[in-house]
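In my numbering, each number is its position in the sequence shown, counted from 1, plus 10.
By construction, these hints were calculated from the structure, which means they are not laboratory data. Nothing false has been slipped in among the hints.
No more than 30 Å apart at the CA atoms, straight line, and that leaves these computed lysine-lysine pairs for DSBU-like: (1) K1072 / K1128; (2) K76 / K250; (3) K570 / K1000; (4) K340 / K77.
Just the calculated beta-carbon pair ranges, DEER-fashion: (5) I746 / Q146: 51 to 59 Å; (6) E337 / S1007: 33 to 41 Å; (7) I612 / G415: 48 to 56 Å; (8) R953 / E221: 43 to 51 Å; (9) S556 / S277: 56 to 64 Å.
Note that beta-carbon positions come from the ideal geometry of N, C-alpha and C, so glycine has one too.
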Amino acid sequence: MSLKENAVLIFFCNGQKVTDDKVDPTMTLLSYLRQKLRLTGSKLGCGEGGCGACTVMISSYDRLTKKITNISANACLTPICQVHMMAVTTVEGIGSIKDGLHPVQERIAKAHGSQCGFCTPGIVMSMYTLLRNNHQPTMTDIEDTFQGNLCRCTGYRPILEGYRTFTKENLNDGFNEINAQVNCCQMKDEQCCRLTNGKRQISTTLFQPSEFKAYDHTKEIIFPPELILMLEREEPNLVKFERNGVTWIRPVTLDQLFAVRSQFPNSKLVSGNTEVGVDIKLKKMRYPILVSVAHVTDLNKILACETGVRIGASVTLSRIEDFFKDEMGKLPDYQCKSFAAIIDMLHWFAGQQIRNVAGIGGNIITGSPISDLNPILMAAGCTLEFADTKGVHRSLPIAEHFFTGYRQNAMKPNETLVSIHIPYTKKTEHFKAFKQAHRRDDDIAIVNAAFRVDLHDGVVHDSSMAFGGMAPTTKMAKQTINKIVGRLWDQSLFDDVIASLANEMTLAPGAPGGMTEYRQSLVLSFFFKFYLSVNQKVNGLNAPLSYTSATLPFKRDEAKSTQMFQEVANDQSLIDPVGRPLVHLSAYQQATGEAVYVDDIIALKNELYMAVVFSQKAHAKIKCVDATSALSMRGVHAFIDHKDVPGSNLIGDIVQDEELFATDKVTCVGQYIGAIVADDQEIAQRAARMVRVEYQELEPIISIEDAIAKESYFKPIQRIEKGNMTNGFESSDQIIEGEMRVGEQEHFYLETQSCIAIPKQEEDFMEVFSATQDLQLAQITIANVLGVKYHKVNIRTKRLGGAFGGKETRSCNLSAALAVAAKRVGRPVRCMLDRDEDMTSTGTRHAFLGRYKVGFSNDGKIQALKICLYANSGNSTDMSVMVMERALDHLQNAYYLPNVDSCGYCCKTNIPSNTAFRGFGRPQAYLIIENVMTEISLSCGVRQKTVRELNFLQEGQSTYYNQKVDDVRLVKRCWDECLEKSDYEERQSKVADFNRSNRWRKRGLSIIPLLYGVGFTAMHMNKAGAFVIIYQDGSVLLSHGGVEMGQGLNTKMLQIASRTLKISSDQIFTDETSTNTVPNTSPTAGSISSDLNGMAVKIACEKLYNRLEPYRKQEPNKTWSDWIKAAYKDRVSLFATGFYKTPLRSEPFHYFTSGAAVSEVEIDCLTGDHVVLRTDIVMDVGDSINPAIDIGQIEGGFIQGYGLFTLEEHRWSPSGELLTKGPGFYKIPSFTDIPVEFNVSLLDGVPHTKVVCSSKAIGEPPLFLAGSVFFAIKEAILASRKDCGIEGSFRLDSPATAERIRMACSDTFTEKFPPAVNGTFTPFFIRS
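Produce the entire structure from the sequences given, and follow the hints as far as they go.
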């Protein structure tokens, strides 16, 4: 084909042929699926291949081998032109509600593995692709296939458990059924552990695998025969697609590639688009000529030769992994040491979706200083082969001056990387590679390294040491290498290498990337591991036996779990669903991609798109805003700012102190300055970047410490006092002072903020589809901004793709701006924030700093506590005052504090306003008080368990804010059951034995309690409404004021309605939530939505049930439908409202719920890495309305808390720019971060009469139980420090990241890098 001709794009999607002669090369496959084909099952979660929500299966046919290849891929990064002559399968293509679910879809739904559901289609497609390639996978295969998928709701356990039924080991019997047998005591009669007081059985089965549809891999969708015929009929040839100023060219031979490169020397080469796609999306790069090298035959060859393996530059990482595994089965082990290192490293390299498409050449040429492969390739002595546009080839060793600077190399402008030669290792060579990242799966390295040493009779003949993350390029330790050649491999060499590396691999205190002391320590730790591993093979260990722990590779055992809950009574009606583990109402639609979220709504006629113009400065005066260039673009309709707001430009929930659009000053990066309204998203966002804003910068306040120094606070300063502080401290045997920081946490809901505003032609009415938790606040905000009455605004919400508090107040900024835009242009306007935009502008959980002074007796009983809490509130009040109130209210957790002086400061800073987040200030306060307990324990030399028990609240005692805790005994019951179920005492002994036997790995075990106050403290918010309609056929439409966001609220409401009306749940339907159906709603927040809305539903249903009483009595043998028809003919009202308000009270909370958790961890003292070996949770939920949902909330909350306390960390530039935007830099827990053994028990026999169906709140309380992991880590660190002769307390802030763990495990390596003095350098990043 000539470069003058445009090709017609041809591909098959779900078996249907798609042709497009005007394809836009800038479109991704995801955009094409959603916008052109209206297949919205695949979701946009991040746009950078980091969350997996967009996963699809791409299939290709090789006409030479006649083989079909199926891979999972990120549709958000896959260019649409890349799938030319391929077959794409989306979640809609494998099953549907109408035609029947695929077993993959059915099992994730029935196993309760879908909550908000936004991630579900991507997870389904990852699993589906695995089964297409391996119909009997192992659990390791399943965990590996999910490395590129994230879920924020479920805690992952139910997903893995549901899909375990596909494994060979569990093909005939379900995992739950096996667990039920393994974890039951097997005793008979009333002594069985599964009986409650000998009456109601305790179940361990949330789903029945026997009910699953059988999986038959022979009945899968076939590759399109028409496409095979087309591929067989035509020789592969060059194709070109051109539109909108961008040309996509796909050569298939090297000669074609050279010709294209000659004609377009500035063209950008693309293989998997995993780097270029991110550049285009996030860095807003624009490449007019894109040349795909993915189909160039010579670049896709991988061959074994006499000296090693030659890999074509376009060979994907997955193919390399498979090839090396195959070769290692044929070759002697000694030849494959570098291959083994590559295989090991590839396991941690991105996710499978990325590895399936990313070519090795792109990874090399990109030249990232933290590339996982480049250190290995350099240490292995690999050679790169290049060819210029004239076909002249040359070779260059990668280790010899190939990388010339940051992302720069020695390849000439007219050259292309053709292949990489990896030599075999020798018998005398030893080779190892290492990597440390924030998270193990799918994360970029902090530091990585590769070591090779060739030993002849114990003498170093040759060596290589390459490091990533220590310089602008991957760096060889040449000075150190030169010093050891010819020397004996012994302790003297080791000492000299450590000293040499410490000098050669230095970092200035403010070096890019930060964490300089940690990174330098890792260099030494990695070499120490390598040195010991070589010693083990050459000389035996030649070190203390306990040192073997330094050389152990990371190994995670197969996950296992139990879930224990009280079964319903034997005499409960079969149609009464309360207490049963019903599947989430939307689970099947979510699994098939049919569940509709805001951005899935079909575009309306004349709909436009809005892109926000965000502030790029943290604190500045606005000198000028010029949208002239943007408005001149074709397709741009308007620029809006504060001058277009017809009503009030001030917004906010409690205090209206935030501008919708900045007027003369900006107070954070990410603040709205204005917005562009255009024909589509691409035009709108491009035009928004063209709006010129001139600033006069002012000094920003970023951190809590900055705010304290400048006394920058929101009012009021809060204080709670109790008792006599002077007497308390005077009566104390010991007094200690300290402080602790708890970092912020990104909500990371998979569905970003999204909204559609639709102006109606009559009466200034505005209809808004909003992803919001608080419809009333959205209604009020939009009405005030538009200057209309509330009844002129209707908010509609069907479901949210996660929220966690982040869509309560912060969704109002976007919806209000859209309403102004829609009002201005008189047309519907839509916007869904990109992930980086969302993270930059919407705020997080508040970072906290606690400073305390505590007095206590020698046995550890607290006598007095003086404490100040500081929260980083950001640039507006938002909900910070209430967050601080809840923090102060929960400062004592489950303990009795006789004398307290507590105060809370909401710090006013120049970061986006922080807001509500699951737990609402409580987790931060809990962690600080538990840290106080730990410090008391260390000071007294008393066990932490004992100190905690000694300070428990007792019957008759009140909280320090004078609320009596009903059923405080349940705290101790949860505690005792957790100790028993976890075998705490026995395992504590085993942990001690392990720590005595292992110097460089340590374990820790910790138990913590939970006492959580439930209810809005603003009394007027403790209410809810419901509206129930019965139609003539007996079907029921249920509406209530809550929002379904994954927590199973609609499911529970249906169960309550079903019980109250005494009808089958399949006769009841719940649609959307809207302000014109149930008005004046409280936000769906605070874990109380089931309590409030459930009671309102019950009241409405009771009214209807009572109206039908005469007909039931008159004709008791008739059916529900008959009674409804009779009532209808008698003109009985078949609709009713329900309204519920909690009883008036003077105390802050309606009631309390309790829990306890035990966690055991193992840390690597040399790197800071850790694994959670086991967690046991006992939680009081009253009588569970739905055990599956409640256990799912416990597990999901725990894993979110685990992220808060160990993993998730925001980092800011000193000027106030968020550096951790998107999943590439901000890491939430992934599938293999969950506890290896994860056991959850619901406390039995504790009905709670204050709440509907005797249940209790569940959404927020369990999150803090992940604090047990934090304190287990601290215990493990204490053991490590003890081995170094360091006794006593130490400061460990949250999150307990790998950096903090490693640097707290102080040893001779870390001591070489003392921290720089603050104020003597400008840090690369700061923590807020």
